[in-house]
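As a plain string of letters, each chain reads:
There are 2 protein chains.
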Amino acid sequence: MSEYVTPYKTGPGIGVVEKKFFTFALPPNLLKLESCASIGPVTIAYETCGRLNPDKSNAILVLHALSGDSHMAGVYDAKDTKPGWWDIMVGPGKGIDTDQYFVICSNILGSCVGSTGPSSINPETGKEYGTCFPMITIGDMVESQKALMDHLGIQSLLSVIGGSVGGMQVLEWCTRFPDRVRSAIPLATTSRHSALAIAFNEVARQAIMADPNWSEGHYYSGKKPDLGLALARMIGHITYLSDESMRLKFGRKLQNRSALSFEFGAEFQVESYLQYQGNKFIERFDANSFLYITKAADYFDLARQYGEGSMVKAFSNCTAKFLVVSYTSDWLYPTYQSKEMVKAMKKNDIDVSFCEIDAQWGHDAFLLPDDRLGNLIKGFLKGVSNDG
Amino acid sequence: MSEYVTPYKTGPGIGVVEKKFFTFALPPNLLKLESCASIGPVTIAYETCGRLNPDKSNAILVLHALSGDSHMAGVYDAKDTKPGWWDIMVGPGKGIDTDQYFVICSNILGSCVGSTGPSSINPETGKEYGTCFPMITIGDMVESQKALMDHLGIQSLLSVIGGSVGGMQVLEWCTRFPDRVRSAIPLATTSRHSALAIAFNEVARQAIMADPNWSEGHYYSGKKPDLGLALARMIGHITYLSDESMRLKFGRKLQNRSALSFEFGAEFQVESYLQYQGNKFIERFDANSFLYITKAADYFDLARQYGEGSMVKAFSNCTAKFLVVSYTSDWLYPTYQSKEMVKAMKKNDIDVSFCEIDAQWGHDAFLLPDDRLGNLIKGFLKGVSNDG
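Sequence order for the protein chains is R and E.
The opening position of the first sequence corresponds to residue 1 in our numbering, with each subsequent residue numbered one higher.
The opening position of the second sequence corresponds to residue 1001 in our numbering, with each subsequent residue numbered one higher.
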């Protein structure tokens, strides 16, 4: 296995924000996947904030959700007006304090924002993989992240932190590489998808695959399945909100009208909001990546993978200290699923703190400004740092 | 206005089950709609069970939900193996006892199972209406049902009973024609859609309209938007179930396999179940009807229509006795929405009983066998009959 680093951009932002690319699994040493297929070369795009201390003991790995990317905080240059996706949490003095910690975020395997995925070029054909891309798992994502940590010379992570599909990666890190993780913060996540969560993902996938432009996944030289991907995003987006948040934000308010139009088309504000979300998404995301990542999330099942069906057994090798956080209004991964994990951790005498945050914003709450989560994370990380 | 009746089928079934068609609003006297458009002629398909007593005081109108039809109970003949959609509730000795009551169920305006809807022939063009069909409301559905009651000579209904979109029609009957209704049973319903409910309907509609075969609604002479309609049904179907019911019914069970296939396609049982539901639906339902009826449900807002925004005011003219029923696991129309109605009724000194049934089956619970609902309805109807 060989490796190289391509510096990409360095900007003022918060402290030092760097975006880099790390490529590994060069032929003939390909990355072996859980499905038994192999793939290579594999490029992982990653961003770092803060400075790694001399003994490399202050590194934190932040893991993004389904549609996120490696750009977690700050801006790259003056033209970059949109800060990273977790800018509320990562920065000087923030919940994850970049004055103290070296924070890394990498784009997940299978995605389309710098890391290798179905829209990457298949070296065997010289064309985009499309659906010739092998099926990947949360475990495969974590394997590629581990290669990145090896490359950076980080033997022990102070913490792994992530929400939703990022939280699944957190759990996978702790069970797959228990000796590489000192603490872990899985947020608004689950150890396995419920039938309800699988159902929503499957309908979203069907929406993409029903779009004639999808062309069995080989659409890169022609029209893209935009309508299908927008629909998939709309379906997903509903599950990220809550009944209460939608009522407070939209209720039955009409869009630019005082009376009903008696026509099809976006008439209620919630309808135009969803259409806006769908249309915004197709500009930045690849439909095949959506298929692969949702499938990886559906496959994820910690108890099956590591405990022969027992969640208690699955956590038996974990040594990390945990902070588990759920949200009252998250109906995609409800609190009972977090409690199930916490119970299994406790049976293994794992040091775990659990907090259910009372918030109305649904599953997406961890992405919204709220001092409570920032304070919880800051306090927890301080404790872990002091543990030495 | 002229009218006629075409007997359709009479069969053994339970007692006497008759399916008939009633056509009214013949030109030039068209049915005036809430949108200010007009339509005619209008045919309403309806079924009756039981016998109307001489003073016509034992008539009950059953109102079906989104995809239902007039065939509520029994079978028409020996070849008809599938009984009506509410056979568990309507029949001799059942919750709605056809030995005592004359029970009517009509297919709603805008549907595609006998009554006039977008798949009907537009007399002006000699072709199917498609999206030239005018937008309809729950009020318009009830107007057409009232014409049927006039035709049958039924001045006063012993009860109007329905769940979901059928429950909206129940509420509309009680506020639009208060002197024609002696009692009412709205089940698993709401007086207005939440933003969440509108969101799901809108995404389902978008799925249909994104199907290239939809052809702006004029597809009757060509390929139908089957993929879009199947998707719409899958989205809807998820909202009719609950997290718990899906967990108990499917969990993470695989379809015909013991290990993951690492392929796209129905792999988990819940996926193939949803695909089955979608594919079954396209054989019996019209995509445009789905668009029109979901839009009517989204428009429905009792407080806006009858109370200038106040639900208390909306119920101020109601004289019916009410039995309101909700289900603990119904997250499409949660109990708080039923309680809101009940509170407004009580402020008007309306005689209302409210029951939240503890059931895991989600919104669809009222369609599933459960003695509790049958007993509640039977007892309530007995009380109303005795009042009579």
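Simulated from the structure, these hints should not be mistaken for lab results.
Here the structure is a predicted model, which is why all the values come from computation and not from measurement.
The beta-carbon is built from N, C-alpha and C at its ideal position, and this holds for glycine as well.
Do not take every clue at face value.
Stated by the list, open to error - Facing chain R, from chain E, some residues (calculated, C-beta under 10 Å):
hint : residue
1    : Leu1026
2    : Pro1027
3    : Leu1030
4    : Lys1032
5    : Leu1033
6    : Glu1034
7    : Leu1066
8    : Ser1067
9    : Glu1124
10   : Gly1126
11   : Lys1127
12   : Glu1128
13   : Leu1196
14   : Phe1250
15   : Arg1252
Unchecked claim - Covered stretches of chain E, going by a simulated chain R footprint (3 or more residues, C-beta under 8 Å):
hint : stretch
16   : 1143-1157
17   : 1360-1369
Said to hold, decoys possible - Incomplete in silico selection of chain R near chain E, CB under 10 Å:
hint : residue
18   : Lys224
19   : Gly228
20   : Glu263
21   : Gly307
Going back to the hint list, which numbers does this structure go against?
1, 2, 3, 4, 7, 8, 9, 10, 11, 12, 16, 17, 18, 21
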